[in-house]
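Next come the chains, spelled out residue by residue.
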Amino acid sequence: MKSGRKIRILVDKKKCDFCGTCVAVCEPDAIELDEADIEITDRCTGCLKCKIVCPVGAIEAEKIEPGL
Amino acid sequence: MKERYDIIVVGAGPVGSMAAREAASGGASVLLLDRKTVVGDPIRCGEVIGEKSMELLVPLDERWIVNRIHSACLISPSGHQVFVDNIGAGLVLDRMKFDQAVAGMAQQRGVELALRQNVTGLLKEDGKVRGVEIKDRDGRRLQIRCNLVIAADGVDSRAARWAGLETATSLEDIETCVQYMINGVEWDPDILYFYMGMETAPEGYLWVFPRGKGLANVGIGISGRCAKNQGPVKYLDQFIQRHFPGSTVVRRDVGGVTVCPSLSRLCAHGFMVAGDAARQVNCMNGGGIFFGMMAGRLAGETAARAVQKGDFSESALSDYPRRWFKTLGSDQKRSYRLKQAVLAVSDETKDKIAFRLHNRRRLSYFSVFKSVFGTKPLLLLKLFLFFR
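Protein chains in written order, with my numbering: chain H, 1 to 68; chain C, 1 to 388.
A hint or two may mislead.
[Unchecked claim] In silico lysine to aspartate or glutamate, EDC-like type, Cα no more than 16 angstroms apart, as pairs: (1) Lys135/C to Glu35/H; (2) Lys36/C to Asp37/H; (3) Lys36/C to Glu32/H; (4) Lys51/H to Glu35/H; (5) Lys36/C to Asp29/H; (6) Lys135/C to Asp37/H.
These are calculated hints, taken from the structure and not from any lab test. For clarity, every value in this text was computed on a predicted model and none was experimentally measured.
Just chain H, with the same shape it has in the complex (with noise of 0.2 angstroms):
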């Protein structure tokens, strides 16, 4: 994600459904995604769509403190 980020998105592997909905929304075209996998990736802006349109609500979202 672009330096300076503030949120990191978490993902529940057991909760997600791997349906791509978070894809389809996704600005930067920052989640990759498999039959059975998904990753976010450093060009998350943490706009927190995937989180808002997730189906299942598999999509987390943690304040990322400076420093760390």
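Place chain C on chain H using the hints.
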């Protein structure tokens, strides 16, 4: 798999399989890739399509037809039922069997199908698409070259972005959806039920699609915008607790469905996109099979001709978008405008109209929507053109 093909199709759903089948018809070498282990599994679809629409795509086969429907019921926010029975027959499908059948049709034409292959990038030279990068299930990375890539890689498509075509979909242009197949349903199995309302299914609808033998697909789509407040699962669970309290869930399907106009650019040099990846979905009902497979056929036909001519430039491929936008593309655009217009009708107004119509018989979808847009001539015209 070989090192090189004339055409690589990404995505072995029905759209990719249709495109591959047509693309191979002139003898071109075609590789059809999917990251799935099993074609058509899991399904992410309501599994309903009009019989007439399906007949335009492939010959009907009872092996993937689960049920036939002859009526629909639209339920307004406060519960008024409007029966629509002047409609053509509808088919409830077994999407897994259907997807496998269409992939089989492609294979019969000589298409090579390779599963568990995840396309992770496009090979490009001077901005021209020349092949794909793959990571297979064992983690092996390989490159396969081709003259033309057809991307039918679904709602979560990235290939079009890599080719420089697509921008992401906004929250109000996508429905976030959950569906359960449940048993213990004693409702009339000859009717498709559509529930509307901000409390039931905000900016979308909830469906009950009977499969016969007490089974039904019960699902919901709500807009990404409304999902900020509450996700689709809670709405669906509430509905099922109320209407099917004794039922059991035998399958759960989740996914996203776009409800926006198709991409305005469908080609680049050595590249075409079709299906959900191109946002070729009916914005009124979320149906993607018909528009997608028709586009897949057009793309495949154009691809076969490109191979014969040895020309894969964007202008050589432009037959495909030209034919799409002239016919189905304009229907699809119209479905978007109608969807937007229906969204603007308040729950209160929907209730008033439903109340007026609820004892009428022999209604068609057209006459129902005519009631909705009664005082808006421009929308009436669009409606007429959409249903003609």
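Against the structure, the hints:
1. Lys135/C to Glu35/H: 12 angstroms, holds
2. Lys36/C to Asp37/H: 12 angstroms, holds
3. Lys36/C to Glu32/H: Satisfied, since the Cα-Cα distance of roughly 15 angstroms is no more than 16 angstroms.
4. Lys51/H to Glu35/H: 19 angstroms, violated
5. Lys36/C to Asp29/H: This hinted pair is violated, its Cα atoms lying about 21 angstroms apart.
6. Lys135/C to Asp37/H: Holds. Lys135/C to Asp37/H sits at ~13 angstroms (cutoff 16 angstroms).
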